[in-house]
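On the provided structure of chain A, position chain B as indicated by the hints.
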Amino acid sequence: MSVLPLDAADDVSTEPVPPTQRRRGLPAALRRPGPVLALGWLLLVVLLSFAAPLWRPYDVNDQDLAHRLAGPSGAHWLGTDPLGRDLLSRIFTAGAQPLLSAALTVAVAFGIGIPLALIAAERGRRIEQIISRTTEILLALPSTIILLAVIGVIGVKTYLVMAVLGVLISAAVYRVMLGVAQSVRQRLYIDAARVNGLGSLRVNVVHVLPAMATVIAVQAAQLFGIAILINAGLAFLGFGPSEPQPSWGTMIQDGSGHVYDAPWLLVPTGVVLALTVVAANVVADALAGRGPRQRSAARRSATSAPVRVVDGTPADPRNVLEVRGLTVSVDGGSALVSDVSFAVQPGRVLGLVGESGCGKTMTARSLLGLLPDGVSVSGGEILWQGRDLVGLSEKQANAVRGREIAMISQEPMVALDPMFSIAYQLIQPIRRFRDVGRGEAEEIAGRLLRQVGIVDADRVLKSYPHQLSGGMAQRVAIALALTGQPELLVADEPTTALDVTVQAEILSLLRALVRDTGLSVVIVSHDLGVVADICDDVVVMYAGQVVESGRTAPVLDDAAHPYTMALLGANPHVPDGEPMPTRLASIPGTVPAPGSWPTGCRFAGRCQFTQDRCTVPFPALPAHEDGSVLCVRVHEIHDAGVSWHAEPVGAETVVGVDHALSTGSTAASLPTQTSGVSS
Amino acid sequence: MLAYLARRLALAMVTILAAVLISFLLVHATDGSPGAIVLGAGATPAEIAAKNAELGWDRPLVTQFFDYLGHLVRGDLGTSLIDSRSIGQDLATRLPVTGFIALFATLLSGIVGVVLGVTAAVRGGRFGTFITTSSGVALSLPAFWVGILLVYVLSIQLGWLPATGYVPFADSPIDWAKSLALPVLALTVGGAAIVARTANAGMRDALQAEHIRTLRALGTPAWRIRYVHALRSTSVPVISVLGIQFIVLFGGSVIVENLFALPGLGQASQAAVSAHDFPALIGVVIVATVVVVVTNLLLDLVVAALDPKVRTA
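If you read the sequences in order, they're chains A and B.
The numbering used here applies: residue 1 is where the first sequence begins, and numbers increase by one.
The numbering used here applies: residue 1001 is where the second sequence begins, and numbers increase by one.
Do not take every clue at face value.
In silico SDA-like pairs for lysine to any residue, Cα to Cα no more than 20 Å straight-line [said to hold, decoys possible]: (1) A:K395 / B:A1222; (2) B:K1309 / B:R1232; (3) A:K462 / B:T1312; (4) B:K1051 / A:V153.
What the hints contain is simulated information worked out from the structure, not anything from laboratory work.
From a predicted model like this one, the values you see are computed outputs, not experimental measurements.
So that you can see chain A by itself, here it is in the shape it has in the complex (with noise of 0.2 Å):
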């Protein structure tokens, strides 16, 4: 009997749907047409089956001797098997009992799976290990074997026997309700609901049952359509229901006797079960999220590509890379970036500033073609020396990627391949990339590890990349970005998820490689710290936009936008000599998410000087030499003379982790981006 592996350990989120969400009725999940199918199709089994002796056309010992083993017909809808009996009538009564008895082999199975779960989850690492040891002693069994063994020992007594089959399976149960129970309760609510003084058992059946109500739903479901394979594959061998009680799986062994002569007495009860354990596949499978769904913007037509405006003037010779009237756009949906504009000199750094949602990783991601499924550079141009790259080929684009335009991205430590050595993932490129051999490649493997400061180079060669610190990592990705021998960098955060000691020294890194190489770089940052530190020019985007740019040090010195002024007063870093603030700045509200920008200034939600004409559109004004800012009252601004007031953060949001996020105050570094994709 083939038994499925409870696959849905590994890809059923364990992020369960908290109890807020739940809606009655059918799960959004199910609201399909398969699923609606599969659930109308067990629904009808169940009842056709449990119902069996009201309406069945014949008793299911009535032969009809002159029609045996008879195709379909009037008097037999589904035929008759080889003693003339009705088999619908044979299929339907003798549905009742794998039913049953698959649901109480479920019912066993998690009466014993989920309970232990439930205690390694809260009793901690030694009951944790001493459950997990046994049940990983149970799953190694042969448990169809020892299923077997059971029935030799007792006799066929089917719901005993699926019940012990219930007990082997309950280990694997347990393996898949442990991973959730634990990720459940490391949540926060579950803390709050204990320092509330619930009861063990109440925070259990409240808090913890309910979140891992789609797991359970999930498996159960799965798990039942094994147990009906395992009931039929146990009679087809013999040790079902005798004759004359009809089952699935003796019929379809009358039928394997029959293939010769009537091999349609193989189809209706084969189809029946099969249809059965797909139904409860098809649930499962719809509940844990996986099978096929309409993928939306996976296809990318090249009719549905908007007409992109071109400038079509010729590039500023003294530019390495201009970018103009840039805008990225999920495809058939909003922007994410509009109408960016700023160009990078050779051996310049220029910096991305903003917070999240504002568009800087988008915009730079769109510098390399690397932009996500679904969005795409629908406006604008990108001029790499001289040259269009928007709209490039996948082919065209590989070329420049690595050779002229390199990336190092903001997590270090998933940046690079874990399966490969370090020397590997180096090699690879160099000998791509500058045609020398494995010996040669090698050589400029290690040179370039030093040259990112890495001392011992010939031991983090043989490394893998979960064996190296996150400041390795992050030098390691950096000399993968030189394999190309670039000519400019894109970095995305590239300090973010480092201490900040480390932080200090992938600047000087790059600084130096800058001075050294001649290398130009484009940083993005939500750190003004950074920016000041090693950027050239600046350019302050907000909501899609570019609100601020310029030279660095007349943006930071005499900010134009409030918007940078506000970043600036958010800014942590304290300068020598002054007191540590109290409290750290922020500012109120957040950022408006892409397709709900204001018509004029889209800062005006958050901005202190907010006037009625803020709310027309406006052009930038140029400003800091060749820089330009994007404020209709900036003279007024500058004139009087006033600055940006700095609002501390209040004292509950710091206490308070969820009110902060739900009010959205930005705390005074700018919240991180972990998804990579959210700017």
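Chain B only, in chain A's frame:
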């Protein structure tokens, strides 16, 4: 790494011991009476009691258990209650039949499943949906039903393969392969579907991983990203599932051996169950457990070889 292996080895030993204990207790704790089985229905209670004493079943349970263990470590699984043949020798001739069916079915499932799952993940679109949907159906089909359908199509209609029967390898390697083809195919339908799902999910996850973006940012060719990097990380879950599949198919061979009349372990266990042949039952459980345990150990080694995090731990 060594500590890890030592722990797995210890677990393996404990599992085997647990299997011996469980099957031993199962047989002895119930009112099983070997004497009644040996002598058949006509025997008097006195005759049965005498036979039980002769077989040593009247001794204390602990004595019997250690006696059994003592024989077991010398490779002696006892004799059958039905025909007094040596259970060890009998199972030794049957093990290769079941072993090859399970092995071939696992390998074929692996090849077909990986090709379908990976192609579905890379190509996506309608083809991907078709593969995920049909593998969802295929893994739900009962192997015995699939087996009969295959017999109908491949033997009866097309006449390509023998419907039932077993030809030993020594007699004719080609006929041997033919006699295993249908059972292997019957088990492969569901097995390949499960592998295809795992490979598909693994590949899709792998292609979304952050380090894949690093590779793309370096202009790495698509084939290298897919078939070197993403496939390598997909290999770990796929190998694990293949190990589980081998174990499942090994147990599942009871059904196909019945269907195709193959003299394997499954057939032996079915016979032992029907005849209440207790020593044979225990023997089958132990042999099957050893196979499972050894498979799991090999699996650990393969995963360790594939995954540097395990290897260097």
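K462 of chain A paired with T1312 of chain B [C-alpha distance capped at 20 Å]: Holds, at about 11 Å.
Pair hint outcome, K1051 of chain B versus V153 of chain A [Cα-Cα no greater than 20 Å]: 19 Å, holds
Distance restraint between K1309 of chain B and R1232 of chain B, which requires alpha-carbon spacing of 20 Å or less: With Cα atoms ~13 Å apart, K1309 of chain B and R1232 of chain B stay inside 20 Å; holds.
Hint consistency between K395 of chain A and A1222 of chain B [alpha-carbon to alpha-carbon, up to 20 Å]: 9 Å, holds
Violated hints are absent here; each numbered hint is respected by the structure.
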